[in-house]
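These protein sequence lines map, in sequence, to chains A and B.
Once you know that position 61 of the first sequence is 61 in our numbering, the rest is easy, because the numbers rise by one and skip nothing.
Converting from the second sequence to our numbering requires adding 413 to each position, the first position being numbered 1.
Since the hints were derived computationally from the structure, they do not count as laboratory data.
Mixed in with the good hints, there may be bad ones.
[To be verified] Quick list of the computed label-pair ranges, beta carbon to beta carbon: (1) B:Q676 <-> A:P235: 29 to 35 Å; (2) B:T503 <-> A:T223: 32 to 38 Å; (3) A:L328 <-> B:D536: 43 to 49 Å; (4) B:E524 <-> A:Q239: 42 to 48 Å; (5) A:H109 <-> B:R474: 38 to 44 Å; (6) B:K527 <-> A:N351: 45 to 51 Å; (7) B:E524 <-> A:L386: 43 to 49 Å.
Ideal Cβ positions, reconstructed from N, Cα and C, are used throughout, including at glycine.
2 protein chains.
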Amino acid sequence: MVILGAGFGGLTCAKGLGNAPVRVTIIDRHNYHLFVQLLYQVATAALSPADIAQPIRRIFRRYRNINVILGEVTGVDAASKRVTLASGRTVDYDKLVIATGSSYSYFGHDEWAKIAPGPKTVDDALAIRSRLLTSFELAEIATDPEEQAALLTTVVVGGGPTGVEMAGAIAELARYSLARDFRHIDPRKARILLVEAGPRILSAFPESLADHAVKVLTKLGVTVRTGEAVTGMEPGVVQIAGKPVRAGTVIWGAGVQASPVAQWLGVTADRTGRVTVNPDLSLPGFEGVYVVGDSAAFAGRDGRPLPALAQVAHQQGTQLGRALRANLAQGTPMPPFRFRNRGNTAVIGRNSAVFDFGWWHVKGWIGWVLWGFYHIYLLTGFDRRLVVVLEWLWSYLTFQQGARLITGDGGKK
Amino acid sequence: MVILGAGFGGLTCAKGLGNAPVRVTIIDRHNYHLFVQLLYQVATAALSPADIAQPIRRIFRRYRNINVILGEVTGVDAASKRVTLASGRTVDYDKLVIATGSSYSYFGHDEWAKIAPGPKTVDDALAIRSRLLTSFELAEIATDPEEQAALLTTVVVGGGPTGVEMAGAIAELARYSLARDFRHIDPRKARILLVEAGPRILSAFPESLADHAVKVLTKLGVTVRTGEAVTGMEPGVVQIAGKPVRAGTVIWGAGVQASPVAQWLGVTADRTGRVTVNPDLSLPGFEGVYVVGDSAAFAGRDGRPLPALAQVAHQQGTQLGRALRANLAQGTPMPPFRFRNRGNTAVIGRNSAVFDFGWWHVKGWIGWVLWGFYHIYLLTGFDRRLVVVLEWLWSYLTFQQGARLITGDGGKK
Numbered sequence: 001m002v003i004l005g006a007g008f009g010g011l012t013c014a015k016g017l018g019n020a021p022v023r024v025t026i027i028d029r030h031n032y033h034l035f036v037q038l039l040y041q042v043a044t045a046a047l048s049p050a051d052i053a054q055p056i057r058r059i060f061r062r063y064r065n066i067n068v069i070l071g072e073v074t075g076v077d078a079a080s081k082r083v084t085l086a087s088g089r090t091v092d093y094d095k096l097v098i099a100t101g102s103s104y105s106y107f108g109h110d111e112w113a114k115i116a117p118g119p120k121t122v123d124d125a126l127a128i129r130s131r132l133l134t135s136f137e138l139a140e141i142a143t144d145p146e147e148q149a150a151l152l153t154t155v156v157v158g159g160g161p162t163g164v165e166m167a168g169a170i171a172e173l174a175r176y177s178l179a180r181d182f183r184h185i186d187p188r189k190a191r192i193l194l195v196e197a198g199p200r201i202l203s204a205f206p207e208s209l210a211d212h213a214v215k216v217l218t219k220l221g222v223t224v225r226t227g228e229a230v231t232g233m234e235p236g237v238v239q240i241a242g243k244p245v246r247a248g249t250v251i252w253g254a255g256v257q258a259s260p261v262a263q264w265l266g267v268t269a270d271r272t273g274r275v276t277v278n279p280d281l282s283l284p285g286f287e288g289v290y291v292v293g294d295s296a297a298f299a300g301r302d303g304r305p306l307p308a309l310a311q312v313a314h315q316q317g318t319q320l321g322r323a324l325r326a327n328l329a330q331g332t333p334m335p336p337f338r339f340r341n342r343g344n345t346a347v348i349g350r351n352s353a354v355f356d357f358g359w360w361h362v363k364g365w366i367g368w369v370l371w372g373f374y375h376i377y378l379l380t381g382f383d384r385r386l387v388v389v390l391e392w393l394w395s396y397l398t399f400q401q402g403a404r405l406i407t408g409d410g411g412k413k
Numbered sequence: 414m415v416i417l418g419a420g421f422g423g424l425t426c427a428k429g430l431g432n433a434p435v436r437v438t439i440i441d442r443h444n445y446h447l448f449v450q451l452l453y454q455v456a457t458a459a460l461s462p463a464d465i466a467q468p469i470r471r472i473f474r475r476y477r478n479i480n481v482i483l484g485e486v487t488g489v490d491a492a493s494k495r496v497t498l499a500s501g502r503t504v505d506y507d508k509l510v511i512a513t514g515s516s517y518s519y520f521g522h523d524e525w526a527k528i529a530p531g532p533k534t535v536d537d538a539l540a541i542r543s544r545l546l547t548s549f550e551l552a553e554i555a556t557d558p559e560e561q562a563a564l565l566t567t568v569v570v571g572g573g574p575t576g577v578e579m580a581g582a583i584a585e586l587a588r589y590s591l592a593r594d595f596r597h598i599d600p601r602k603a604r605i606l607l608v609e610a611g612p613r614i615l616s617a618f619p620e621s622l623a624d625h626a627v628k629v630l631t632k633l634g635v636t637v638r639t640g641e642a643v644t645g646m647e648p649g650v651v652q653i654a655g656k657p658v659r660a661g662t663v664i665w666g667a668g669v670q671a672s673p674v675a676q677w678l679g680v681t682a683d684r685t686g687r688v689t690v691n692p693d694l695s696l697p698g699f700e701g702v703y704v705v706g707d708s709a710a711f712a713g714r715d716g717r718p719l720p721a722l723a724q725v726a727h728q729q730g731t732q733l734g735r736a737l738r739a740n741l742a743q744g745t746p747m748p749p750f751r752f753r754n755r756g757n758t759a760v761i762g763r764n765s766a767v768f769d770f771g772w773w774h775v776k777g778w779i780g781w782v783l784w785g786f787y788h789i790y791l792l793t794g795f796d797r798r799l800v801v802v803l804e805w806l807w808s809y810l811t812f813q814q815g816a817r818l819i820t821g822d823g824g825k826k
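Please work from the sequences and hints to get the whole structure.
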């Protein structure tokens, strides 16, 4: 069996097959499994990458039937049951689980990716961190007030949970952590624009929670601009609703684009590149091929596909792994996947979060405490859970961020 | 007053002038002060960069007379008392402290730098980490046994403390942390060559300590080859004493080259680029210009220049800062610098270190415990001291490294 991707979907599926009488090969282009929900904290200098990334090999060390390959999938040949990697190497499969996730969609403007990275990989997060911090450094030595104001402007594109969390965290970085470290600028006056093309932010959340988020963000100094689309971009300038806005840092968190599963297999995809799967997560027309997570369009109770969320991938991978194990051992038929909503959440700064459990809406400080415990719980299995908790405590008490480093080429412009 | 460089020399000098009635500008090309002695632990995945790097601005936050500029010095015009930065900006000074340190010397073969990075900056250390880990990944999927053996070979060039510490740490990474994570290779069989052109390793240490280091390294699986110079290098192949050795990773720790202070000022330098300074650390012929640390050739008691060590830079910066403060306040004449040997040390793996106090030579487990406490003490002022200690404890007990991530382009070949 071959599993493509070691995100939440692939990882949990492989774990379910740990030490089962079947040889499993899991392929990922990174050597680590990433806790993406906290990547915004790497981008805003609160955590180090190693805090939220675990070597895939280490996770599967005890499962001698699981083989890990570092490689980037470039194609799937369903006729000969073979996966091709970027290195040219091929891997044969009898059953295939595709869990290759998604990336940000720049709505046909891939050239914007270099100007406005989105927090999806460790390298992206470090690039954002370097750009943010470099903008403040350049503003400090800028002599032209207009340039200084431009450098102190950050535009976050997309009002979903990623955009909200990024904007909130940047506001706090500027207001607290950097506040007294400069001599010629006041980082507290940094301008942070959260731009959303739709009528409101957090569109997947109930309106009351979105309203709360706007209130908290505004208090933190974030300007929320809804109903305004980004129409163009070049280094240092973003066109918002047709008007140019100069910005030192631009961060993308707008659209989601599924991995090219549909292209690999020659099937039709939906608007965001997802392929429709059967109730048991198998791909119609392909025997022994399953798709889980962000690349799969799985119809929820209301008929609409489940959103691209970590908890969906996690549950799909877990259930699929168990089902495959039972199917291999006893020939148990593959059961349909059942999604249980564990709550949808977004954190806004150091004392507030929104939590939507469907039947219960939580916001403010209680939401924030819930968010904290929930994420500490989710980090189970991460060796550095204790370190993360310590860093959070330390940041909370001192208002400092622990990883304010400009590294790599990310900061150079 | 302008201070160039926020390493140990520049940092301690600036601290000595904190809140004194003088305006101080400190310029560094990074936004952080780095505890370089532990950089080999970043390169071998034990620590994260943020654990051993502190934002310079944060360090000087309370000293309102100290101004921090992120910039790379490209020249000094002593006639007009002006420093030029890579951005084109100039900074005027009345007094100038040059503490720009050193980099690795490739003995005229600068093209080797890309093939064999040395652990001198955060980005170098991350590149080494990625290359090391990628070599094991590529070896795991290699089908040609010769290629596999080549990928499992690491060459460390230079038998000084850096080379010894790197070789020891890589051996332990392979023997313990990676040992059981692969299916097709046995990382414990990784070949690690420590190549030294001179007659013995750790030439700055007493012979008994160097002998001990060879013994411990050999036990860890490192092959120590002395009297053999590296004569050539291309990607994947190192010429050692004229014979080609295939290697997946090559790490440089051989020569030291001072920053181009001599070029900036048009004075003569010694073989490694250092400029000779007066007993009070001032530069002969230049009024109000001082040089400290790796770029200064300061004659020790035996007449030979003091070595390029963190403790030398630290003591020079500290004493110069105090002297300048007293000179500014009361016109106290500048006293001569006095070096106090605090002990020279190199750690070799998880249970052994050598420590040379001159009058006392320590080796083995006691040396290692001393090394640990000494470095925990030296980390005073680093916010993450507790995290570092926790990570060390955790690594020591579990034999695991906490930051086994392949990031950036470093891993790609």
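Quick check: does the Cβ-Cβ distance between E524 (chain B) and L386 (chain A) fall within 43 to 49 Å?
About 44 Å separates the Cβ atoms of E524 (chain B) and L386 (chain A), which means 43 to 49 Å holds.
May I ask you to test the hint 32 to 38 Å on the CB atoms belonging to T503 (chain B) and T223 (chain A)?
holds, 36 Å
Can you tell me whether the CB distance of L328 (chain A) to D536 (chain B) sits inside 43 to 49 Å?
holds, 46 Å
For the range 38 to 44 Å, tell me whether the beta carbons of H109 (chain A) and R474 (chain B) fit it or not.
holds, 40 Å
Regarding Q676 (chain B) and P235 (chain A), is the given constraint of 29 to 35 Å on their beta-carbon distance met?
Given about 33 Å between the Cβ atoms, the range holds.
Can you tell me whether the CB distance of K527 (chain B) to N351 (chain A) sits inside 45 to 51 Å?
Hint holds: Cβ distance 48 Å, inside 45 to 51 Å.
The hint says 42 to 48 Å between E524 (chain B) and Q239 (chain A); measuring C-beta to C-beta, is that right?
Hint holds: Cβ distance 44 Å, inside 42 to 48 Å.
Every hint from the earlier list agrees with this structure, and none is contradicted.
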